[in-house]
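**Q** Sequence:
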Amino acid sequence: DRWRMYRYWLAQYKHELKLSIRDYEMEYQRASERMKEARDQKDMFIMQSAVIIGMTTTCAARYRNVLQQVKPKIIIVEEAAEVLEAHIITTLSEGCEHLILIGDHQQLRPNPTVYELAEKFNLKISLFERLIKNGYPVVTLENQHRMRPEISSLLINIYPKLNDHESVLEYD
1 DRWRMYRYWL
11 AQYKHELKLS
21 IRDYEMEYQR
31 ASERMKEARD
41 QKDMFIMQSA
51 VIIGMTTTCA
61 ARYRNVLQQV
71 KPKIIIVEEA
81 AEVLEAHIIT
91 TLSEGCEHLI
101 LIGDHQQLRP
111 NPTVYELAEK
121 FNLKISLFER
131 LIKNGYPVVT
141 LENQHRMRPE
151 ISSLLINIYP
161 KLNDHESVLE
171 YD
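Residue numbers (the numbering used here): 1 to 172.
In case anyone wonders, no lab produced these hints; they're calculated from the structure.
A couple of the hints might just be wrong.
Computed cross-link-like contacts, EDC-like style, restricted to lysine to aspartate or glutamate with a CA-CA straight-line distance of at most 20 Å [to be verified]: (1) Lys-71 / Glu-25; (2) Lys-120 / Glu-170; (3) Lys-71 / Glu-97; (4) Lys-73 / Glu-37.
Cβ-Cβ distance ranges computed for the label pairs, FRET-style [as the list claims (entries may be wrong)]: (5) Glu-119 / Arg-64: 40 to 48 Å; (6) Leu-99 / Glu-16: 55 to 63 Å; (7) Tyr-115 / Tyr-28: 45 to 53 Å; (8) Gln-106 / Gln-68: 29 to 37 Å; (9) Gly-95 / Asn-143: 32 to 40 Å; (10) Ile-52 / Leu-19: 28 to 36 Å; (11) Glu-16 / Glu-78: 29 to 37 Å; (12) Ile-100 / Glu-16: 57 to 65 Å; (13) Glu-119 / Asp-40: 42 to 50 Å; (14) Glu-97 / Asp-172: 41 to 49 Å; (15) Glu-119 / Arg-4: 53 to 61 Å; (16) Asp-172 / Ser-93: 20 to 28 Å; (17) Gly-95 / Val-139: 30 to 38 Å; (18) Lys-18 / Gln-106: 57 to 65 Å.
Every residue, glycine too, gets a C-beta built ideally from N, C-alpha and C.
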């Protein structure tokens, strides 16, 4: 009977501790949310006064609410052919007037973490590549300034309009 009474008291004590922990946890969550709101307000103030805001698409997804309030007019996405479509969409707000996607859809594609989703729902195709394949206007690099002609000639099958700038003749 003593052991049973001991286990009962112990169970009651554990139950009371769980309830108090739950209260502290809820209090912590509320404080954490208030702190996040304060940080977002500070970041929004800084971003609104900035001329250029630079961040990764992952960071843009994290700051989605702030970006929705800042409403950047121009958004530039570097290596757009490698970025998942959802990551680009999350950066857009109603204030976006011009979206510039820079990349090469003939090279690397996005790398979704779930293979099945990539195959079934074409997540392996970026927004950039999808727009190009659907006839959206695109501007392609035609004059290259990086490689000697001996190297750039290897790319003629991929980029038939690629020309060498005269400066590449001076390279070793």
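**Q** Now tell me, hint by hint, if it's right for this structure.
**A** Here is how each hint holds up against the structure:
1. Lys-71 / Glu-25: violated (35 Å)
2. Lys-120 / Glu-170: violated (49 Å)
3. Lys-71 / Glu-97: Holds: Lys-71 and Glu-97 sit about 10 Å apart, inside 20 Å.
4. Lys-73 / Glu-37: violated (24 Å)
5. Glu-119 / Arg-64: 40 to 48 Å: At 27 Å between Cβs, range violated.
6. Leu-99 / Glu-16: 55 to 63 Å: holds (56 Å)
7. Tyr-115 / Tyr-28: 45 to 53 Å: violated (38 Å)
8. Gln-106 / Gln-68: 29 to 37 Å: holds (33 Å)
9. Gly-95 / Asn-143: 32 to 40 Å: holds (34 Å)
10. Ile-52 / Leu-19: 28 to 36 Å: violated (51 Å)
11. Glu-16 / Glu-78: 29 to 37 Å: This hint is violated: roughly 56 Å between Cβ atoms.
12. Ile-100 / Glu-16: 57 to 65 Å: holds (59 Å)
13. Glu-119 / Asp-40: 42 to 50 Å: violated (37 Å)
14. Glu-97 / Asp-172: 41 to 49 Å: holds (44 Å)
15. Glu-119 / Arg-4: 53 to 61 Å: At 59 Å between Cβs, range holds.
16. Asp-172 / Ser-93: 20 to 28 Å: violated (47 Å)
17. Gly-95 / Val-139: 30 to 38 Å: violated (24 Å)
18. Lys-18 / Gln-106: 57 to 65 Å: This hint holds: roughly 58 Å between Cβ atoms.
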